[in-house]
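So the protein sequences, as listed, match chains H and P.
Numbering of the first sequence is given in the working numbering, commencing with residue 1 and proceeding in unit increments.
Numbering of the second sequence is given in the working numbering, commencing with residue 1 and proceeding in unit increments.
Hints are computed from structural coordinates only; laboratory data are not their basis.
As the structure is a prediction and not an experimental result, all values here were calculated from the model.
All residues carry an ideal CB built from backbone N, CA and C; glycine is no exception.
Mixed in with the good hints there might be a few duds.
Here chain H is said to cover these stretches of chain P; the calculated rule only asks that three of the stretch's residues, wherever they fall, bring their Cβ under 8 Å from a Cβ of chain H [claimed, not checked]:
# : segment
1 : 9 to 22
2 : 31 to 42
3 : 46 to 54
4 : 57 to 69
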Amino acid sequence: MYELIIIGGGPAGMTAAVYAARKKLNTLLISYDIGGQGLTTWLVENYMGYQFIEGRELMQKFEEQVKQFSTDVKVEVGKRVERLSKADGGFEVRAESGETYKAKAVILATGKRPRQLNVPRENELLGRGVTYCAICDGPLFADAKVAVIGGGNSALEAADDMVKIADHVYLVSLTPLTGDQILIDKVKSASKLTIFLEYEVLEIKGESRVEAIKIRDLKSKQEKELNVGGVFVEIGLVPNSEPVKKLLTLNRLGEVEVNCGSETGVPGFFAAGDVTSVPDKQIVVAAGEGAKAALQAHRYLQRLSK
Amino acid sequence: MAREVKIYTTPTCPYCKIAKKFLDDNGIKYQEFNIVEDKAAREEMKNKCNSLAVPTICFDNEVLVGFNEAELRKKLGL
Chain H
1 MYELIIIGGG
11 PAGMTAAVYA
21 ARKKLNTLLI
31 SYDIGGQGLT
41 TWLVENYMGY
51 QFIEGRELMQ
61 KFEEQVKQFS
71 TDVKVEVGKR
81 VERLSKADGG
91 FEVRAESGET
101 YKAKAVILAT
111 GKRPRQLNVP
121 RENELLGRGV
131 TYCAICDGPL
141 FADAKVAVIG
151 GGNSALEAAD
161 DMVKIADHVY
171 LVSLTPLTGD
181 QILIDKVKSA
191 SKLTIFLEYE
201 VLEIKGESRV
211 EAIKIRDLKS
221 KQEKELNVGG
231 VFVEIGLVPN
241 SEPVKKLLTL
251 NRLGEVEVNC
261 GSETGVPGFF
271 AAGDVTSVPD
281 KQIVVAAGEG
291 AKAALQAHRY
301 LQRLSK
Chain P
1 MAREVKIYTT
11 PTCPYCKIAK
21 KFLDDNGIKY
31 QEFNIVEDKA
41 AREEMKNKCN
51 SLAVPTICFD
61 NEVLVGFNEA
71 ELRKKLGL
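This is chain P alone, in the form it adopts within the complex (with noise of 0.2 Å):
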């Protein structure tokens, strides 16, 4: 079953663009939400993923705040 991967970024983020770079090589589907734009996507990475700094990216029950190669290729089963 495909997993649903949320990223929350801003657009002067440079790990962002890292870390979707990463996700495409790898051939990850994923949400992408420009907090700066979206103040829902926001108030969701805030509250549900406690994070308050970018890329936040979540899945399943995972939260991962900011771009670790090593830790996302391990989550990911990669």
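The shape of chain H in the complex, shown without the other chains (with noise of 0.2 Å):
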């Protein structure tokens, strides 16, 4: 039985288990990839330190900082975590692979991913010009006509990068447009770019590949027909709460409720990062966040062994 498991490999999670090497608690750390969205992240400008950072390089350096501890901290990596359950003296993790694992404490640290339109032929399509990745493959539409979804800032900086090389551009949103100033009016400006505005897409259309989207007018209610290669989702996050909502009550947006102590109400369970109810959402935050479980985790462990 570990003295902590950590589960998630992002920015928090990676912090956090540091953290609790350096406080010597057997710790495993358990995650699909190391880096999470901080992998996703092209150029960080924000995070101190370092004026400006690719986001891989700077989870490549805590991947690092976290190796130095490996007598401490046994990291798990490919595997996902299907439920977090209480168990006798602590809890049990259980992975889609069917492992389990116990602690007396655990941190929840999964972060977020792309939320999905949840349209017919979405996942069928997904990398046949599907894709919830811009900065991947974009690349691969060149001369193309594609559709972005969404309005807010991903969604506009999708549309701004594909407008230098696809064929024409349709930004499609469910709301006026939400994001940054400076980059609607660089799209608004754009000259192979059409704004749909407050449309929703009721499906992707194609056999073998992306060839258009259906989209509906929300006032009108009149319906349009995209033809498009590619189809860039970018429509926010959603968190990556599943394995624990047997355990506790979510808020609204199914995000983890915790303290300022890193806290969930339920003791001995921990959270930290973008998974949290905490707002902001930010790399620099995410470790903090990570920091503190950590913290609060070995300060609980200490409690127990009194």
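Using the hints, put the two chains back together into the complex; each one sits in its own frame.
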């Protein structure tokens, strides 16, 4: 049995691991990847100590620091956690692949993932024109017509990037544009771009590849079909909180509510980073929250052993 | 017999870098195609592998789109 299991290997989880190791806690960090959402951030310009650094490089530095403590922290990568439940003397963590792990205390730091549209053919055409990673797959749609779905900063950035290489860009948003004004101005003045505001996406069409999307005006209910080869879905994020939904009540956004001491209300169960109700989703905030959670878990374990 | 592993990438794709690191760490030799510069490779990936996302990893008759360590381990027999 471990003293502490950290679920998630992003900025919050890795920082928690370093703090736990420095307290000599026998720790397991279990995660699908190392770096989490830090990996999909192209350039980080607000992590103190670096004027700018690629997200991937920053996460490598985090990882190197975790590896300094390999005697105290065991790392299991490539495993998705299915469920966290209470067990004798603490908690049981069950991986999707079937293994179980036990610990006296747990920190959930599983972050968020891209929100899906939940429309027909979205899953079937993933990787065949539907993408949630504009910086990865953008170049594949050079000279094609594409649709960017969303109205926030990620959508506007994707639209701005694609205007430079695509034949035409349709920006489809359920709401008025909500991103930074500087990006809105840039996108509105682009010549190869058409904006559909207050339109919903009804379905994605195509057999083996994306061929079109069907959209509907929220007010007039009029439907339109746009012939596109690519659909960039940029409609925000959802918390990876499914493993704990039976353990406690999530807030209306699906996040784990924590107090200022990273406590969840279930003794011995702490949470940190983007999966929690802490409002600002930033690498520096997640790292700080990870540190707080590990220190709090250490105090909890000390009280437990008395 | 050494199998021929091809990986199609873009320079801005973080998962491509993770996938290459995984192959390197496991001593798997591969050929990399940067599909931003190499238009022939881009067409090959689109048409032969029927993929419009990176990384696309092809070997034998397998096509893996995206980086999924568990699946890659299974298919490569690691």
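Verification of the supplied hints:
{"no.": "1", "hint": "9 to 22", "result": "holds (count 8)"}
{"no.": "2", "hint": "31 to 42", "result": "holds (count 3)"}
{"no.": "3", "hint": "46 to 54", "result": "holds (count 6)"}
{"no.": "4", "hint": "57 to 69", "result": "holds (count 3)"}
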